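Go ahead and model the full structure; you've got the sequences and the hints to work with.
In order, the protein sequences belong to chains G, C and S. Counting from 149, one number per residue, gives the positions in the first sequence under our numbering. Counting from 209, one number per residue, gives the positions in the second sequence under our numbering. Counting from -11, one number per residue, gives the positions in the third sequence under our numbering.
It is possible that some hints are incorrect.
To be verified - Covered stretches of chain G (chain S as the covering partner; in silico rule of three or more C-beta atoms under 8 Å from a C-beta of chain S): (1) 233 to 241; (2) 298 to 310.
Said to hold, decoys possible - In silico DSSO-like pairs for lysine-lysine, Cα to Cα no more than 30 Å straight-line: (3) LYS150(G) to LYS380(S); (4) LYS68(S) to LYS117(S); (5) LYS213(S) to LYS260(S); (6) LYS260(S) to LYS249(S); (7) LYS344(S) to LYS150(G); (8) LYS68(S) to LYS181(S).
Keep in mind the hints are simulated off the structure, nothing from the lab. From a predicted model like this one, the values you see are computed outputs, not experimental measurements. Here a beta-carbon is modelled for each residue, glycine too, at the ideal position from N, C-alpha and C.
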Amino acid sequence: MKRNLLFGVLLSAVFLFAAIISFVWTPYDHAALDIPNKLKSPYAAHLLGTDHFGRDLLSMVMVGARTSIAVALVAVGIGMGLGVPLGLWAAARQGTFLDELIMRGNDLVFAFPSIVIAILITAVFGAGAVNAIIAIGIFNIPVFARITRGAALSLWQREFIMAARVAGKNAARISVEHILPNVTNLLIVQGTIQFSLGILAEAGLSYVGLGAQPPTPSWGRMLADAQTLVSIAPHMALVPGFAIILTVLGLNLLGDGLRDHLDPRLRVART
Amino acid sequence: MLRHTFTSMLRYTFKRLLSLMISLAVASIVIFMVIEVAPGDPASFMLGMNAQPETLAALRSELGLDVPKIERYFTWVAGLLTGDFGTSYTYRTPVSQMIGDRLWVSLPLALYALTLSTLLAFPAGIYAASRRGQAGDIGVMGATQLGVAVPNFWFAMILVLIFSINLRWFSAGGFVGWDKGFFSGLHGLTLPAIALALPQAAILARVMRSSLLDVLSEDFMRTARAKGLTQRQALWRHGLRNALIPVLTIIGLQFSFLLAGSIIIEQVFYLPGLGRLVFQSISARDLIVVESVVMLLVFSVILVNFLVDLAYAAVDPRLRARS
Amino acid sequence: MSLLQITNLNLSIHGFDILHDVTLSIEAGEIVAVTGESGSGKSMTALATMQLLPKGASTTGHILLGDKDMTDMSEAGLCKMRGNEMGMVFQEPMTALNPVQTIGAQVAETIRIHDAAISRAAAEEQAAKTLSRVGLPQDRFPLSRYPHELSGGQRQRVVIAMAIALRPRLLIADEPTTALDVTTQAQILDLLKSLAREDGMGLLMITHDLAVVADLADRIIVMRKGKIVEQGATHTLLHNMQHPYSKMLFAAAGHQVALPKAPPPAPLLEVKNLVRDYRLSRKTLFGPAGTFRAIDDVSFALQRGERLGLVGESGCGKSTLTRALLGLEQTQGGSITLAGEPVFTGNAPNLSVRRKMQVVFQDPFGSFNPRHRVDRLITEPFHLLPKPPTGKDRSRAIDEALTAVGLTAKDATKYIHQFSGGQRQRIAIARALIIRPELILFDEAVSALDVSVRAQILDLLADLCGAYDLTYLFISHDLSVVRTVTDRVLVMKSGKIVEQGVTQDVFENPQHTYTQTLIAAAPVLPDIGATA
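Below, the structure written as structure tokens:
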């Protein structure tokens, strides 16, 4: 189990590192065209080969990591930033109209898969990477709200919360002082999982043109470019594909490992 | 007793149905409002920059754009309820007909994938749970860990590369339709369904396994063993049905993921489904089509969750009592 | 030959030694009670007999049921034995049944699993007979009932029915009544006893409750840390106890504390015609929502310096009353005043009333935020003070409170998981004491503790009464504890106070029929001559 955590940390670190490095250095300019060297399979000069414009795939993957990580990270931030307070609030007012309202609202948002939100936003405002962030972020809100509320509800039953109430503390203070610290582990674990799901979702949205637009490089768009050429240049599909798989795998292993490490009794809704 | 069960089931269904209708009403308002704020007038977009004001006004009234928004909303909802989804701005054909045609691709695809993923996941999850910690479990879990990480549209491209381009077992794109028989239609949807189903099956298998393991540590499993049931008998007779409760939730959620996934997968296989329809409509700014397709997608997600709620009550007698 | 003969049983789980050299036997028709505190290995002895041990367990020694040795029998062979030759009843009736199967199906399963040839109808008929035999007649408890439609005691009867359906030779009951109310406990114990006598079954009873042991068993086995320290026929053992640990255990169970004289009375807490209703969900589709009256016209007064007890079974409304007294719940009628001021003042708590009142809860593991240190935990009530002490004053208050409950100032920087259950309960008392409240509520405060620890906490309470002139309300289901630590007692049933009076009088001469039933049902520890 420890090995999984280590492997997860390592994989995630590699891609995070690649994304950061790409700000200052990439083997080639990721946008530089080099038609004579197009569709090259991996070789010494281009370690991961080139695409149909002769662009260096390694450089594109590095810069693409930036987009993926940024989109997924901000989306998780939106989900946590709005979902966690909503969940805490609903739990503090359990059984009241407010709780019902928040939870029904959650259910409703849940009925809009992120691609549907992205479709709506794109239809109205046009395409762009921000759409992907908003779409995935909105979808994350009910995820975090639900998991926070669920964990908070069981904490509210505990006697130490009762003791805090007897000490005259109000629901908001108890939520921040007693509930939140006890759900942090759960949120960290769910956060890594939503992060990895965000990367998958971003790739999907960019692939169908609802996410990052040229010239912003992204793994999903690299796959869209690869589609028609997959039979003559399979590496164009394999390179970004493996980048996605390895990042997501790393984050998932990290999440699982953290869960086992932080609290073996923790249960996380993996959806 | 039986009567009691019946009325409690009825009350439960009624409550769920009520919440289904409220959800649909709110969803329709949200979708309508989002589309309404869309900048640009579809009529002027369709006619181009140099349209005559009279032609524009005529088109606007033809499309029903000249009445107040509230009225348009209710006209739209009334249309949805009667199956009249309006007329496409670009194609000038009834939207319901366009959607109807595409639905015959998207819906079978989602159901096909759901069936495949359930058929794969249940045995895998049960197998892993019953071999907890052993080589079989570790193998299945490793495979699912990978499966969860694979983007379905990338997997679809790889399937096309192997089975269509190299082996030529399937066509690389397009859809023959159902006219040539059920099985040739099914054959055409097989690769997309596999691409959709495998990653979902990986998630479902993991949920199945962990849910079963949770149930295995329940007190009543020990009671069952004390009666003389073998581990396996206890698992099948007492564990499975109880483990099914969280699994049902995931199956419900999966449907929405499958639907979303199928929109993307249709691009890989050039399938004439709802996904392609919606992308064409976005680029043509045919918002009435986008609006209706989105409403349909949301409706199906809400409907599936309603069905899952009913399935819960069928599996768990406590839920019927609680409502 | 004995029915069950365990010889030199050693058990370790993942390398941890659980049982050492356990040797015991049970004759047919004999009731043997194994007792001891938590960690004594009594439950593991039971599970080892059934061979239902957790993963990673390894045993040496022999467990002979008749002429068959459980320790070297195949799994298939064991499955044939379980449910057929030996049955088992567990502690938690609420979770011991499959929630999604009818009780009929679950009882019939015992029969069908051991007899492939029997028809479903015949098995169900036999299941119905067995259920009737354990006190669940078909006209009121048809086979089609689900577990959630039954009470705890009724569920335990179903579990017993499953265990005895095939009239096994040995019945093992692992704390079968610990989760049940005292009147239900008495019924279940009677049932187990009569079943054992009627069928000539050997009954291996695992329990921590020494009064139950003394009442029920033919023979007693006392265990401690995985070893048998003493065993013998009940009468002989009780009156001629040899091992110091058994002596300590039985003395602690019947532990009496000498409360100091109460200071002169003055009215403190006054409850008048209190009513608390809960809304129920609708019975019919459109019918009106019903209400459930959890507290029904309750009135009582608590004098300053008085030690008041509140007894009643689960669901009688004592938890609701506790929450109402603490001002945590809105009530629908009547009033609660503390020193003349109302306790409940809506969502904004009235701090001046709250600071006069503190509470100690039952669960020593759930009462503390695991992420805070002891100093922060016990100073939480300072929130109630207009000017909470800081710096030196604060640390002095912490030291004082910790010392008062028998801990040291050094414990202030530790986390709660570093303490045992008894120590945690001391910390809980320190938390209640730190703002010198005028009233403390003890909500089942010693119910989760082992008897020896419980005796220490009760002693502490008596000491604190002397030192701080405590006024408290002691809420408990345990009559023997209430009897020793209170001056006056309230008896509660279905939301009403059915009887109240001086503790001694109520226990010796109960007036209300319910109080009489309650006291009659509570198993009593016999006088144990020299050690008492």
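Which of the listed hints are not met by the structure? 1, 3, 5 and 7
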